[in-house]
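Peer 1: Turn these sequences into a full structure, and let the hints guide you.
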Amino acid sequence: MSSKRKTKRLGIEQLQRIIELCRSVEEGSLDPFLVDVDDIIEIIKRYFPEWKKPEELCLDAEALNRLASVIKMQGEWVKNRSTSLYTDPFLLEEKIRKLEAEQMAEIFLKVWHPIVEFEQISQHSLLEAIKYWKNLLPISERWKNVEAQIIKAGIATRSELVKELFLDERTFTEKIEELWEELKERVGENGKIKYWDFVAAETFEKTVKRAYLTSFMVTHGYANLEVHPLEDKVYLKPNKRPTSLVKKKEVVSIPISVSYDEWLKWREKAKIE
Amino acid sequence: MSRRKALYSRKIKRAVHLLFFRRHRKPGVKGWELRKKLGSDYPKVLKLLDNYLAKLDLKINTVFEEGQPTSPENPSLEELDKAIFYVTLRGELTPTETKMMGWRIDDIAGLAITITYIISKGGKAPREEVERILKEKLPGWRAEMNIDRYIRAGYITQDENDQLYLDWRTRAEVDEKMLIDLILGTES
Chain A
1 MSSKRKTKRL
11 GIEQLQRIIE
21 LCRSVEEGSL
31 DPFLVDVDDI
41 IEIIKRYFPE
51 WKKPEELCLD
61 AEALNRLASV
71 IKMQGEWVKN
81 RSTSLYTDPF
91 LLEEKIRKLE
101 AEQMAEIFLK
111 VWHPIVEFEQ
121 ISQHSLLEAI
131 KYWKNLLPIS
141 ERWKNVEAQI
151 IKAGIATRSE
161 LVKELFLDER
171 TFTEKIEELW
181 EELKERVGEN
191 GKIKYWDFVA
201 AETFEKTVKR
211 AYLTSFMVTH
221 GYANLEVHPL
231 EDKVYLKPNK
241 RPTSLVKKKE
251 VVSIPISVSY
261 DEWLKWREKA
271 KIE
Chain B
1 MSRRKALYSR
11 KIKRAVHLLF
21 FRRHRKPGVK
31 GWELRKKLGS
41 DYPKVLKLLD
51 NYLAKLDLKI
61 NTVFEEGQPT
71 SPENPSLEEL
81 DKAIFYVTLR
91 GELTPTETKM
101 MGWRIDDIAG
111 LAITITYIIS
121 KGGKAPREEV
131 ERILKEKLPG
141 WRAEMNIDRY
151 IRAGYITQDE
161 NDQLYLDWRT
171 RAEVDEKMLI
181 DLILGTES
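Those protein sequences? They're chains A and B, same order as listed.
According to the numbering used here, the first sequence is numbered sequentially starting from 1.
According to the numbering used here, the second sequence is numbered sequentially starting from 1.
These aren't lab readings, by the way, just hints derived from the structure by calculation.
One or more of the hints may lead you astray.
Stated by the list, open to error - The calculated lysine-lysine pairs, modelled on DSS-like cross-linking and capped at a C-alpha distance of 27 Å, are:
1) B:K137 / A:K95
2) A:K184 / A:K237
3) A:K237 / A:K192
4) B:K124 / A:K72
5) B:K121 / A:K95
6) B:K82 / A:K79
7) A:K72 / B:K121
8) A:K95 / B:K124
9) A:K206 / A:K240
10) B:K137 / A:K110
11) A:K98 / B:K99
12) B:K99 / A:K95
13) B:K121 / A:K110
14) A:K110 / B:K59
15) A:K269 / A:K233
16) A:K45 / A:K8
17) B:K135 / A:K98
18) B:K177 / A:K110
As the list claims (entries may be wrong) - From chain A, some residues computed to sit far from chain B (all C-beta separations above 12 Å):
19) Q14
20) L34
21) R46
22) I139
To be verified - Computed footprint of chain A on chain B, listed as stretches where at least three residues anywhere in the stretch have a Cβ under 8 Å from a Cβ of chain A:
23) 16–22
24) 50–61
25) 74–88
26) 92–101
27) 121–135
28) 165–174
For glycine and all other residues, C-beta sits at the position ideal for the given N, C-alpha and C.
Peer 2: Listed below in structure tokens is the structure:
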């Protein structure tokens, strides 16, 4: 038993070393060809049957992923060397050191094809500019001194803020709870309702708002999402009382697209029904 | 003149306006811009214009900024849409002509050395090294000034670690492969 544990520990250390080595290559501090790919694959293969826990399998996957990056770098190196542009840098450096400035300039003129471009004002744009200038008010008129009014700062009441639309009459939690009540009323005998049947409203704007609130309703544990990936169906199930998923560490993100097209499709279907 | 001929004549004129007059911070027109203004047959319009420009010692140069196309002789429309098109000189400039353009022979030699050195180092080289190699034949102040000039003109670019790279103007104006071949083939 203890020898098995020892093998596992050794394997984890080896994987970590492989990851470090590959990372150094990716950062450019090591030559990609210092990595013996066959050797590393052999090590990864040897320890693979030992891995049972997800974190061990993740480490194994990371090592493989890093190794793949190194192989890619090796491939790019070979590709670069095989292109016609690759020449021995020392040879080239030596050449440019030895060539006279005149010779270099002469060579360069053979391969230099400067861009041709014009910078010219047209009669049309000149006329437009004159027209603009004629209509432009003098700066003294455009920048008139505006006499600043001093207004004493006061305190706004909540009702005033609501009136000015800075605040909503209901708090966010109140809105979520209202939606929760609606969900409880609308679910059928099986205690669930199709996601789209619940969030969709008569306008797309309202639909987006309801989808936004629904996402918080689920996050705060007022309801659960039931996903049937094979049937491509998502259901909403209200909870009797809010249960915090964060505390239970059961938080999973489920992205649901609420697009205009999707809403149009729902509306057409609703009309037929 | 047939209707078809008149249509292409109009499209060629439009292409001349787009290609010769700078519309953005940098010269050149993107393929998708040409498609928008000239229609999806813009490669044909450019080919006709290129044939015409050949008589004036000019050409339309296509630069594939996102890597070489899968088939360089016959790039796809999608690859052309991402490319940038420039009008460049087809032939060569004489030293007298370059002087009239404001380029001294030292400046041109310096640019050739800078570009070649960067290519020899695999696409990037420390500014310090380029300056050192230029200072072997140019006064120190001139070497530094020239590098700044090449950067301003868009031939090279410099990052925050003082590494120099080739920039858009080199890709548009310089035949890099031929430059290397000529340097290696020249007796020193």
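Peer 1: Each hint needs a verdict: does it hold in this structure or not?
Peer 2: Verification of the supplied hints:
Simply put, K137 of chain B and K95 of chain A have alpha-carbon atoms about 14 Å apart, close enough for the 27 Å limit, and the pair holds. This hinted pair checks out: K184 of chain A and K237 of chain A have alpha carbons roughly 8 Å apart, not beyond 27 Å. Distance check on the hinted pair: K237 of chain A and K192 of chain A sit about 5 Å apart at the alpha-carbon level, within 27 Å; holds. At most 27 Å may separate the alpha-carbon atoms for a hinted pair to count; K124 of chain B and K72 of chain A meet this at roughly 20 Å.
Only pairs whose Cα atoms come within 27 Å are accepted, and K121 of chain B paired with K95 of chain A is accepted, the gap being roughly 14 Å. Annotation: proposed proximity of K82 of chain B to K79 of chain A holds, straight-line Cα distance about 23 Å (limit 27 Å). With a CA separation close to 20 Å, the supplied pair K72 of chain A and K121 of chain B stays within the 27 Å bound. Simply put, K95 of chain A and K124 of chain B have alpha-carbon atoms about 18 Å apart, close enough for the 27 Å limit, and the pair holds.
Note on K206 of chain A and K240 of chain A: the hinted pairing holds, with a Cα-Cα distance of about 26 Å set against a maximum of 27 Å. Taken as a hint, the K137 of chain B and K110 of chain A pair is honoured in the structure, with Cα atoms around 22 Å apart against an allowance of 27 Å. Under the criterion of a C-alpha separation no larger than 27 Å, the hint pairing K98 of chain A with K99 of chain B is consistent with the structure, at around 24 Å. The suggested pairing of K99 of chain B with K95 of chain A holds, with an alpha-carbon distance near 25 Å, which does not exceed 27 Å.
A C-alpha spacing of about 22 Å is found between K121 of chain B and K110 of chain A, which places the hinted pair at or below 27 Å, so the restraint holds. For a cut-off of 27 Å, the pair hint linking K110 of chain A to K59 of chain B stands: about 15 Å separates their Cα positions. Pair hint K269 of chain A plus K233 of chain A holds up; C-alpha atoms about 15 Å apart against a cutoff of 27 Å. For a cut-off of 27 Å, the pair hint linking K45 of chain A to K8 of chain A stands: about 13 Å separates their Cα positions.
About 14 Å separates the Cα atoms of K135 of chain B and K98 of chain A, which keeps this hinted pair within 27 Å; it holds. A hinted pair counts as satisfied when its Cα atoms are at most 27 Å apart, and K177 of chain B with K110 of chain A qualifies at roughly 12 Å. Distance to chain B confirms Q14 of chain A as a non-interface residue, since its nearest Cβ pair spans about 33 Å, more than 12 Å. In this structure L34 of chain A is separated from chain B by more than 12 Å, as the shortest Cβ-Cβ distance comes to about 18 Å.
Non-interface call for R46 of chain A relative to chain B: holds, since the shortest CB-CB distance, roughly 36 Å, exceeds 12 Å. Remark: the non-interface label on I139 of chain A is consistent with the geometry, its nearest Cβ contact in chain B lying 29 Å away (cut-off 12 Å). Coverage of the stretch 16–22 of chain B by chain A holds in this model, with 3 residues showing a Cβ closer than 8 Å to a Cβ of that chain against a need of three. For a cut-off of 8 Å, the count of residues in the stretch 50–61 of chain B with a CB near a CB of chain A stands at 3, and the three-residue condition holds.
Counting residues of the stretch 74–88 of chain B whose C-beta sits closer than 8 Å to any C-beta of chain A gives 3, which meets the bar of three, so the coverage hint holds. Check on the stretch 92–101 of chain B: 6 of its residues sit with their Cβ under 8 Å from a Cβ of chain A, so the three-residue criterion for coverage holds. Counting residues of the stretch 121–135 of chain B whose C-beta lies closer than 8 Å to any C-beta of chain A gives 3; at least three are required, and the coverage claim holds. Counting residues of the stretch 165–174 of chain B whose CB lies closer than 8 Å to any CB of chain A gives 4, which reaches the minimum of 3, so the coverage claim holds.
When each numbered hint is compared with the structure, no violation occurs for any of them.
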